[in-house]
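**Q** Listed below are the residues making up each chain.
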Amino acid sequence: MYLVAHIDQAICSETACRLCTQYCPEANTILYDNAAKTAFVAVDRCKGCEICVGICDDLAKHHAIKMIMITDLQDTFELSKEGFRPETWTGKHP
Amino acid sequence: MSLKNMTITPGWEKYMTKEYIDLVERGPYGKQKKVSEMGSFKEVLEEHPMCAGCAMTLFIRLTMVGLPNPEHTILIGTAGCGRLALTQTSIPFIYGNYGDTNAVASGLKRGLEVRFKDQAKDVVVMAGDGGLADIGFSAVMHSWFRKERFTTIMLDNEVYGNTGGQESGMTERGALLKMAPKGKLFDKMDMMGLAQTSGVAYIARLTPTNPTRVASVVRKAVMIAREVGPTFIQAYTSCNIEYAIPTPKVLDDARDIESKRYGFMEIISDEAKAYLDSIDTAKKAKKE
Ligand SMILES: Cc1ncc(C[n+]2csc(CCOP(=O)(O)OP(=O)(O)O)c2C)c(N)n1
Ligand code: SF4
Ligand code: SF4
Ligand code: SF4
Numbered sequence: 001m002y003l004v005a006h007i008d009q010a011i012c013s014e015t016a017c018r019l020c021t022q023y024c025p026e027a028n029t030i031l032y033d034n035a036a037k038t039a040f041v042a043v044d045r046c047k048g049c050e051i052c053v054g055i056c057d058d059l060a061k062h063h064a065i066k067m068i069m070i071t072d073l074q075d076t077f078e079l080s081k082e083g084f085r086p087e088t089w090t091g092k093h094p
Numbered sequence: 001m002s003l004k005n006m007t008i009t010p011g012w013e014k015y016m017t018k019e020y021i022d023l024v025e026r027g028p029y030g031k032q033k034k035v036s037e038m039g040s041f042k043e044v045l046e047e048h049p050m051c052a053g054c055a056m057t058l059f060i061r062l063t064m065v066g067l068p069n070p071e072h073t074i075l076i077g078t079a080g081c082g083r084l085a086l087t088q089t090s091i092p093f094i095y096g097n098y099g100d101t102n103a104v105a106s107g108l109k110r111g112l113e114v115r116f117k118d119q120a121k122d123v124v125v126m127a128g129d130g131g132l133a134d135i136g137f138s139a140v141m142h143s144w145f146r147k148e149r150f151t152t153i154m155l156d157n158e159v160y161g162n163t164g165g166q167e168s169g170m171t172e173r174g175a176l177l178k179m180a181p182k183g184k185l186f187d188k189m190d191m192m193g194l195a196q197t198s199g200v201a202y203i204a205r206l207t208p209t210n211p212t213r214v215a216s217v218v219r220k221a222v223m224i225a226r227e228v229g230p231t232f233i234q235a236y237t238s239c240n241i242e243y244a245i246p247t248p249k250v251l252d253d254a255r256d257i258e259s260k261r262y263g264f265m266e267i268i269s270d271e272a273k274a275y276l277d278s279i280d281t282a283k284k285a286k287k288e
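Listed in order, the protein sequences are those of chains A and B.
The first sequence: position 41 = 41 (this note's numbering), numbered continuously.
The second sequence: position 25 = 25 (this note's numbering), numbered continuously.
Hints may contain errors.
[To be verified] Far from chain B, by Cβ distances over 10 Å, these chain A residues were calculated:
no.: 1; residue: T15
no.: 2; residue: R18
no.: 3; residue: R85
[What the hints assert, rightly or not] Each computed SDA-like pair below joins lysine to any residue, with the alpha-carbon atoms no more than 20 Å apart:
no.: 4; chain 1: B; residue 1: K117; chain 2: B; residue 2: E227
no.: 5; chain 1: B; residue 1: K249; chain 2: A; residue 2: E14
no.: 6; chain 1: B; residue 1: K249; chain 2: A; residue 2: K92
no.: 7; chain 1: B; residue 1: K34; chain 2: A; residue 2: N34
no.: 8; chain 1: B; residue 1: K273; chain 2: B; residue 2: K283
no.: 9; chain 1: B; residue 1: K18; chain 2: A; residue 2: R45
no.: 10; chain 1: B; residue 1: K33; chain 2: A; residue 2: A16
no.: 11; chain 1: A; residue 1: K81; chain 2: B; residue 2: Y20
no.: 12; chain 1: B; residue 1: K33; chain 2: A; residue 2: C17
no.: 13; chain 1: B; residue 1: K4; chain 2: B; residue 2: Y20
no.: 14; chain 1: B; residue 1: K249; chain 2: A; residue 2: K81
no.: 15; chain 1: A; residue 1: K92; chain 2: A; residue 2: L73
no.: 16; chain 1: A; residue 1: K37; chain 2: A; residue 2: E14
Please keep in mind that the hints were generated in silico from the structure rather than gathered at the bench.
Idealized CB from N, CA, C, for every residue including glycine.
When you get a sec, could you build the whole thing from the sequences and use the hints?
**A** This is the structure:
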């Protein structure tokens with residue numbers, strides 16, 4: 001069991017500032033859904049560093065990201081399974 | 001490499017991994033991607049084993065976005081943490097012996113200029129402070145004195161991270177490390193000054209606090225190296241393991257170090273400045 005970043009899309013989509021995507025040290029881990037106007041996390045890529053939480057809380061001031069136990073998340077997105085296919089994202093990922 | 005080499009031969013798509021297909025179809029090739037587009041395109045960097053929350057990882061990720069032509073770039077690295085990620089990019093990577101990077105890059109760049117007369121090929125060295133300021137020091141200096149046309153990026157975590165915490169020439173005086181238990185006795189080396197003395201065309205020192213700035217500095221350095229002469233970027237990329245920085249605080253530390261002593265600094269030669277201006281003028285003329 002380990003913690004991964006989880007984005008509350010209702011909060012994020014109000015502004016969708018995209019700051020966390022730019023500061024996450026891992027490539028293609030916080031992805032951006034252009035249709036739903038929200039960021040979301042590829043849980044198989046997240047290393048749990050919490051940098052994005054600080055960025056969303058202190059820089060963006062939106063408080064949309066929390067660290068959640070991986071086993072408490074349902075319908076997660078895994079990049080290694082789904083590949084990088086933005087046309088299929090469209091609001092489907094929690 | 002070139003974009004043509006990456007393209008999948010018709011009929012072979014089903015044998016390629018999805019990562020490869022995504023890269024060819026949704027990667028950053030052929031068009032300069034912006035930092036603000038991150039999360040919407042497939043990056044050249046894949047999964048890698050560098051530590052969680054490592055600032056060096058972030059800096060490498062942003063560097064890849066800044067490269068003006070990843071399809072015409074060759075990376076050179078060496079022993080040290082950075083190569084753990086650099087080897088997981090879709091950019092050809094050469095593993096120089098520890099200390100050799102800038103000698104290898106010199107020969108490679110000259111060879112590429114002979115082989116590809118009509119296509120600029122960019123050579124970028126990325127290695128640690130130990131690799132460049134200590135053991136690779138003479139090769140770095142001589143590549144600068146000889147005005148070799150490639151970019152040197154120092155991933156300055158101010159320690160030998162990969163081997164468990166020895167001090168380097170770039171460690172701050174007084175810093176306590178596992179293998180400098182009494183604190184370092186000497187000053188941090190002035191690589192910016194040495195680069196200036198040896199006539200480097202573009203020199204920059206920065207931290208990863210501003211992603212757009214990182215990409216823009218990398219782009220300038222690579223472009224200037226293509227046409228004018230050697231370029232050097234010294235980047236503070238903290239080692240959260242050896243300096244015991246809790247990962248959620250890694251960017252706070254970068255901001256703190258930036259404001260206290262590292263800053264953002266650029267030194268550009270007149271010739272390099274004129275070259276950048278000429279690119280801007282050409283871009284504006286194209287738009288009109
Ligand atoms: C010729 C040689 N000497 C020593 C080593 C062992 N070695 C591997 S990585 C490393 C230190 C790396 O430190 P630095 O270059 O600062 O990179 P960092 O790991 O901190 O990113 C050393 C000494 C080696 N690989 N080759
Ligand atoms: S920083 Fe917060 S509000 Fe901005 S894109 Fe990320 S999750 Fe959304
Ligand atoms: S916790 Fe770290 S690795 Fe995970 S999404 Fe946030 S910044 Fe990226
Ligand atoms: S040891 Fe330090 S520099 Fe190396 S990957 Fe880990 S945090 Fe980064």
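**Q** Evaluate each hint against the coordinates.
**A** Hints and how they fare:
no.	hint	in the structure
1	T15	holds, 14 Å
2	R18	violated, 6 Å
3	R85	violated, 7 Å
4	B:K117 x B:E227	holds, 13 Å
5	B:K249 x A:E14	violated, 26 Å
6	B:K249 x A:K92	violated, 32 Å
7	B:K34 x A:N34	holds, 16 Å
8	B:K273 x B:K283	holds, 15 Å
9	B:K18 x A:R45	holds, 16 Å
10	B:K33 x A:A16	holds, 19 Å
11	A:K81 x B:Y20	holds, 14 Å
12	B:K33 x A:C17	holds, 17 Å
13	B:K4 x B:Y20	holds, 14 Å
14	B:K249 x A:K81	violated, 31 Å
15	A:K92 x A:L73	holds, 14 Å
16	A:K37 x A:E14	holds, 8 Å
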